[in-house]
Amino acid sequence: MASLLVCAIGGALLWHGTDGLRAVTSEQARRRAIARAPRVLPVIRLEDQDGRPFTLEAYRGRAVAVDFIYTQCQSVCKLLSAGFQRIDRGQQAVAADDRLQLVSISFDPRDTPGHLRAAASHYRANGATWRFARVSDPRQLGQLLVAFGIVVIPDGRGDFQHNAAVHLLDREGRLAAVLDADASPEEVLRVAGNTTNASEFHENRRMTARMKTNRPGP
Amino acid sequence: MSPRTIRAFIRGIRMSSSLPGTALILVLALPPVRHALERVMVVHMLVQIPLLAVAGALIAVSLPTRLTSIFVSWNARGVTGTLLALIVSSWWMVPRALDLALAEPLMEVTKFVSLPLLVGIPVALSWRSLGGMGQGFVLANVLPMWAAVGWLYVAAPTRLCNFYLVEQQAAAGLGLLWLSIAVALAACARVLVPASGHESVAPGPRTT
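So the protein sequences, as listed, match chains A and B.
Those letters in the first sequence? Residues 99 to 316, by the working numbering.
Those letters in the second sequence? Residues 79 to 286, by the working numbering.
It cannot be assumed that every hint is accurate.
Computed footprint of chain B on chain A, listed as stretches where at least three residues anywhere in the stretch have a Cβ under 8 Å from a Cβ of chain B [stated by the list, open to error]:
id	region
1	108–117
2	120–126
3	250–262
4	279–285
It should be emphasised that the hints constitute simulated quantities derived from the structure, not laboratory data.
Keep in mind the model is a prediction, meaning the values are calculated, not measured.
Don't be surprised by glycine CBs; every beta carbon is placed ideally from N, CA and C.
Please take these sequences and the hints and turn them into a complete structure.
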C-alpha cells in the first residue's frame with residue numbers, strides 16, 4: 099500500500115516535473131512554457147548596425163523574429179543567419195509592413211557596431227526588415243537574456259555556447275513561440291502567421307508565392 | 079558494565095555518528111564548495127549528488143530506533159524505501175533538473191534536502207531488508223538505466239543542459255556509463271567472493 103502511494107505520488111511529481119515526459123531538458127520546458135503563455139518582454143534599448151537606437155517594443159503591430167548571435171560564431175549562429183537570409187529574400191515582394199521583421203541580437207560584449215555592420219553586409223541585411231543589433235547598455239544584456247530564457251556560457255576558447263533558436267514575437271510584442279535554429283523559412287513564416295492570428299499575413303504569403311510561380315521567366 | 083551504561087554508550091555512538099552525515103551536507107552546501115562542484119557537469123552529477131545521498135546514508139545509521147521503526151513499519155522488505163529512492167534519484171538524472179538546480183535557489187534547496195532524506199536514508203534503511211534477490215533485482219534494473227542515460231548524454235545530437243558545455247555533457251554521460259559498469263562489476267565480485275569463502279569454511283562444521 100505504502101509502495102503504491104510512493105509510486106503514485108513520485109510518478110505524478112516526475113510527470114509534472116517533466117511536463118508529461120515532454121520536457122526533459124530546460125530548452126524543451128522553455129519552449130512549451132512560452133507556447134502556453136506568451137511572455138511580456140521588458141523594454142530594452144538596442145542599437146543596430148548603423149548605431150540607430152530602437153526597441154523591440156517599436157515593432158508592436160508587426161510580427162518579429164529574433165535570434166541571438168555573436169559575430170565571431172562559426173557554428174549555429176551561421177545557421178540562424180542563413181535561415182534569416184532566406185526568409186528576408188523570400189519576402190522581397192511582400193509589402194514592407196507585412197513582412198516578418200528580423201532582428202539578430204548579439205550577446206557578445208566584444209561586438210561593436212562595426213562588427214554588426216560587417217555581419218549585416220555579409221548577409222545582405224538591409225537594416226530595414228533585418229537588423230543586426232546589440233544592447234545599448236551592457237548592464238541590460240542579462241535582463242534581456244533572462245526574459246528570453248537564453249543561457250550563454252563561454253567555452254574558454256573565446257567562443258560561446260548558447261541555446262540557439264528562432265524566437266517569434268506576436269503583434270502585441272510578446273514572445274509567443276520558439277523554433278529550432280534550423281527551422282525552414284516556411285515553418286517560421288507559418289508559425290509567425292499563427293502566433294499573430296493574422297490570416298491576412300498568411301494570405302499575403304500565399305499570394306506572393308503564387309505571384310512568383312506565375313511570373314514568366316526572363 | 080551495566081546495561082544502562084551500554085545503552086548510553088550506544089546512544090553516544092549514534093549521536094556522534096550523525097555528525098559525519100550532517101557535516102558532509104554542510105560542507106557540500108558551502109558556497110565555494112557548491113560552486114566548485116557544480117561548475118563541471120560530471121562532478122555535479124557523479125560527485126555532489128552521490129555525496130548528498132551518502133550523507134543521508136550516514137545519518138540513517140545514527141537515527142534513533144524510534145524513528146527507524148516508524149520507517150520500517152511501512153517499508154516491508156525494503157520495497158517502499160527502495161522505490162522512493164529510485165523515483166527521487168531518477169529525477170536528479172533528468173537534464174532539466176540539473177539546470178533547474180543551478181537556476182532556481184528553491185530547486186537547489188530541494189536537491190540538498192531530497193537526496194539525503196529521500197534517497198540516502200531510505201536506501202540505507204532498506205538495502206539489507208531487500209535480501210540478495212531483491213538487491214540483485216534492483217541493480218539489474220538501475221544499472222542498465224544509468225548506462226542508458228549515460229549513453230543518451232554521450233550520443234545526444236544537441237546540448238541537453240543549458241548551463242553546461244556540450245563537451246561536459248559527453249564527459250558526464252561517459253562517467254555515468256563507466257560508473258554503471260563499475261558498480262555492476264563490484265556487485266558481481268561481491269556475490270562471487272563470499273560464496274567461494276563460504277565453500278572453504280562451510281564443510282568444516284558439517285563434518286564434525
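Evaluated hints:
1. 108–117: n = 6 at 8 Å, threshold three: holds.
2. 120–126: n = 6 at 8 Å, threshold three: holds.
3. 250–262: holds (count 4)
4. 279–285: Our answer is that it is violated, as 0 residues pass the Cβ test (under 8 Å) against chain B, missing three.
The earlier numbered hint that this structure contradicts is number 4, and it is the only one.
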